[in-house]
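So the sequences go chain by chain: W and E. To convert, count from 1 in the first sequence and add 1254; that's my numbering. To convert, count from 1 in the second sequence and add 10; that's my numbering.
Hints in this document: simulated from the structure, not taken from any laboratory. The beta-carbon is built from N, C-alpha and C at its ideal position, and this holds for glycine as well. Check each hint, because a few of them may be wrong.
[To be verified] Stretches of chain E that chain W covers, calculated by requiring three or more beta carbons in the stretch to come under 8 Å of a beta carbon on chain W:
1) 65-73
2) 152-159
3) 328-335
4) 341-349
[What the hints assert, rightly or not] Beyond 10 Å from chain E on every Cβ pair, some chain W residues (computed):
5) 1316
6) 1344
7) 1404
[What the hints assert, rightly or not] Estimated spans, in silico, between C-beta atoms of each pair:
8) E:361 x W:1412: 47 to 53 Å
9) W:1379 x E:323: 30 to 36 Å
10) W:1412 x E:230: 39 to 45 Å
11) E:111 x W:1479: 27 to 33 Å
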Amino acid sequence: MSTVILLLFTGVGLGAIYFLVASGLSLIYGLMHVLNFAHGVFLSLGAFLGFEVASRLGATTWTGFAASLLVGALAGAVFAALTERLLVQRLYERHIEQVLVTVGLGLAAVALFDGIWGTDPKFISGPPWMGRTTHILGANVPNDRFVAILVAGLVLLGMVLFLQRTRYGMIIRAGVENRAMVTALGIDVRTAFTLVFTIGGIAAGLGGVLASHYFGYVSPLLGQTLLIFAFIVTVIGGLGSLTGAAIASVLVALLQQFANYYLWGTGDLAVVVLLAVVLLTRPSGLMGRRA
Amino acid sequence: MSTSATDTAYPQGARAWVGRLVPLALVVLLACLPLLNLHLPGVLPGPTYTPGTLHLLALAMVMAALALSYHLLLGVAGLLSFGHALYFGFGAYLLGIVMSELELGLVPSVLLVLLAGVAFSLALGAVSLRVTGIPFAMVTLAFAQAGSVLVRRDPGRVTGGEEGLRLPTDYVPAALVGVADTRNLYWLALAALVLTFLLVSWVQGSRAGHVAEAVRENELRVRVLGMRPFLVKLAIFVAASVIAIGMGMVHLLLNSGAVPHIVSAELTISLLLMVVIGGVGSRWGAVAGAVLYVLLNQRLTVLAQAEWVHDLPAPLRIPLSEPMFILGTLFVLVVMFLPGGLAGTVTRLRGARHRGSGDQRPGAERLEDVDDDQQAAPVGGARP
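Chain E extracted, bound-state conformation (with noise of 0.2 Å):
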């Protein structure tokens, strides 16, 4: 967007240089990580050669994964969603139930939950997207509510309803199974960050990426221009909730298990916390916002256990040991204080530094970008 043509062949060819080999050492050394010795006190609980601190990682890498597909739907096609976690949830209970109802293997199942997620999402997708704005934020919330109702309630004893459903292990490859193959797991993590951020990336910049850019910016001079926008919008929202399912079969296997959290209403709004802090629009804010989440979440549970703070006075104390307390506080600041999350303070940053190249504040314009298609589409939104 802001690579202006004054610029000279020479530092925009060594930015783009840089631009992929800062990732690719990045990956490099994540992958190195479980075979490395480091210590980052306050940071990580433990050594990164340890199950605990491996664990932690590869949580924040699949959170960082879904934070990706919010952000197809909410950075790119500008659709708020707050039944993201539904997807999350239907993969990893379906990959659950298909390996031991059916008894198959890990790989047939995983496939058939990939199907099944695409049928399942098109069919929600298609009823959802009819309306936009707030009433598609409050029909998702719906859909993921009825999800969450069904998982509690455990039909058919299949759910495990509220002590959740345990990963039938018996059809899982022994090198996922038990705490000494966490390294296994962590770099399965890994490889699904990785290639999220392939596809997300790939999505995005594919016609039908550039067209939902259109549609979050002006749905008339789409439909103008002879596009519909509600097959690309919808082929959006099945991308991202394909994602979501993945991660979620990703998370069945990293956690043992599923609990019924992760349908919950709770978790999509934590993706939103992750999305904004990051800042809305990039793809870097998004995995950013989920690993800092995901950190300060440890750490904030690990304090308020600490020994210091239960002997504070109950002012003090309270606060400090409620960890959704302090994110939800710092959600506020950062939307107050800081729109565009840590991606567009980044860009607001650089941008003093070489004054006049580009666009400042992305996020923020991004957000109110959603907010125009609201504007446009009132209550219903149904044009004629």
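One chain only, chain W, in its complex shape (with noise of 0.2 Å):
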């Protein structure tokens, strides 16, 4: 039973760092039908920028962690918008080309982090309440996973508020809807990408930062290998869909974890074939809209 709650609550946790990488993915793609390549090394450099900031400030102390996750955020904000500007947006309504760039620059960035921090892992830990356990119903839980689900929850929740009360969400909703018909009422919906682009990046951003604690290391390819679970989890959850990137993050680490303990290691294969799974009965996904 304790190995069914920490699996559980690992689960979870894992399932929160998926969401933070996958909710930008989702977003992006739903307004801008942009399948973003490069989201991995936003995450990469988020961690890679917190990870120095924290050492320099003190890894295993709470300002060292806070102010490491507003680095990383801040990071993968700037970095994403950036790279709205500079090469998504040029290539204005060319989807497979802008798909192309994004490949192209996730490749000359992780060799360029390769070069700058090197390819081995750089170990890391943040202070010592979260390298601690907590006792719950016999599973001692690390601590570090509550603060990722924590931080999930709120990006979540700001995410909601943001799109549900303020003016450019509505835009960015409506555009995920329907982009040709917000174009035709006169709004510029190039500040919107620029928008949706940044938000997935400070999401991607924190999601490095406590990326690294739950592994417990920074390396150059932590970005891409969590792009491509972020990847399985936007088309199980239906692409453009903020919920559904939610409940297939926890669906897909929670699988993942039980697959690993149970099934002899083999979480892998069997998140690969739950998208076969899912695109076999309903090709758009769980909350994709019309299949």
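Bring the two chains, given one by one in their own frames, into a single complex with the hints.
The structure is reproduced here in structure tokens:
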């Protein structure tokens, strides 16, 4: 029983990280029809800069951790906004080429990170409390899982409030629904595009810092590995759906954890099988609009 | 496409003649390279008869053939696959496994792998092609990822895990083993490339190829005409996959082994790079893009280890010592400023010379065709 509880919490914690990556991907695809292959790079940059700041200010202090989250989010936001303005926006309405540009950016940036920070993982430890465990129903759950879940919950709440309550949120929602109509109404969707990329970058940057604590290290491949799972989450959840991304993140992470523990480490395969099953039965994903 | 009726018979005949003679001369020249002592400093690592250079050229030709098979998917049928490396790796790994586990000779093993490959690609293609556009890219990526995980996990100790698989040399003819026989492997790679080029040209020019191009343009119209797009796309998918499997087998022989990298998503992305740099929709573009990619990759790796690079200040040293950084940047620049890649640029320059003679920027238009397909069939794409 305690194992199940532990797997549940670790699974939801991992799901929180998947959500932070997948939510941005899903919003970007929903509004712009761009599958952003550079999204993992936003995450890696956030993780690396967060790591640098934390090690300057003291990695084991709460100030250092808070500063690393802030810097990670900021780095992701700036990188994402620049990517959108300088690369993606110039290829207006040429979706395949937009995807190709992000593929190239992903390759180049990962190589650059390799050069700057080296290919070996950089090990990281947060405040002592995060390394300890909390006793819940007989299971010792590592505390960093709770931090990941809390941050992802806040990001979800923030995104929902932003999309539901603000003018730009309304434009983005309308754009996901019918972009041509929004453009026809004379609203400049381009600002909305940059905004969606920036929001995705913030979430990915936060996800990077939290992932580095979850896995205990930072490396240039961290983002690319998480990106593949984020893709799978996005497709299972339904491209463009925030709720779908949230549900699918937890579902995929739980399946992965349980299959890894009970089915001889076949978590990654189980996730791919789930993807195949979902696509064969509901090609548009769990929460996708119309099949 | 662009040969207009106003052309007189003579120049047209001459052009067709030249069009056939130039590739033939090129193949003859390439076939003679191992017997010649040519130096191309800066491009090739040494004289053309040395094993190192021949190995590099053979690798470039295998990649060119693989890029041609990817051209069938993306350029002809408009299918953006992120899992083509799966079939390449399937060929390489399965050939090694069949030879060592079943203790069969090279020729029966190759036939067996090809047969298995048809069944394998037929099954996976039938599942993947249930969706189109971006979801198709994702499903193929997921399948390839599963294959990559399997190979790395080494089930039954047959793939060698991260270490990779060694070529079971006992079952391979002696003429194809060892550094001294790089010449023979080079000729094998050249033959494979020529065969692939002819095969791809034939598939593209066949009825199925034409229907696939029509499906890329407008799937609904093809359906209305009473044809079944699914079967045509599946046929193209299987053809491309089987060619990739064949090239995987050549690659196993050439490198005397297989490593997990050849099943990875990175390899598929490299293929995409080659085809896009060369120009989507052009067979020669795919070949040129692949050769350029392999040579650049090799040269940039050499550059990264050069003495003078190590003495540079960090902001210059780091980018210069990462080949993938330079290739990735080059790719971004091509996509942004050279739509249609190399082939498209050549066509455009030619178009500027004989003004009004035909289609400019073929590659760019083809990319947009792929795109239209996605727009017409959004998420899911299953039409009633």
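Comparing the hints with the structure gives:
| no. | hint | in the structure |
| --- | --- | --- |
| 1 | 65-73 | violated (count 0) |
| 2 | 152-159 | holds (count 5) |
| 3 | 328-335 | holds (count 7) |
| 4 | 341-349 | holds (count 5) |
| 5 | 1316 | holds (32 Å) |
| 6 | 1344 | violated (6 Å) |
| 7 | 1404 | holds (30 Å) |
| 8 | E:361 x W:1412: 47 to 53 Å | holds (52 Å) |
| 9 | W:1379 x E:323: 30 to 36 Å | holds (33 Å) |
| 10 | W:1412 x E:230: 39 to 45 Å | holds (42 Å) |
| 11 | E:111 x W:1479: 27 to 33 Å | holds (31 Å) |
Hints 1, 6, counting from the list given before, are not met by this structure.
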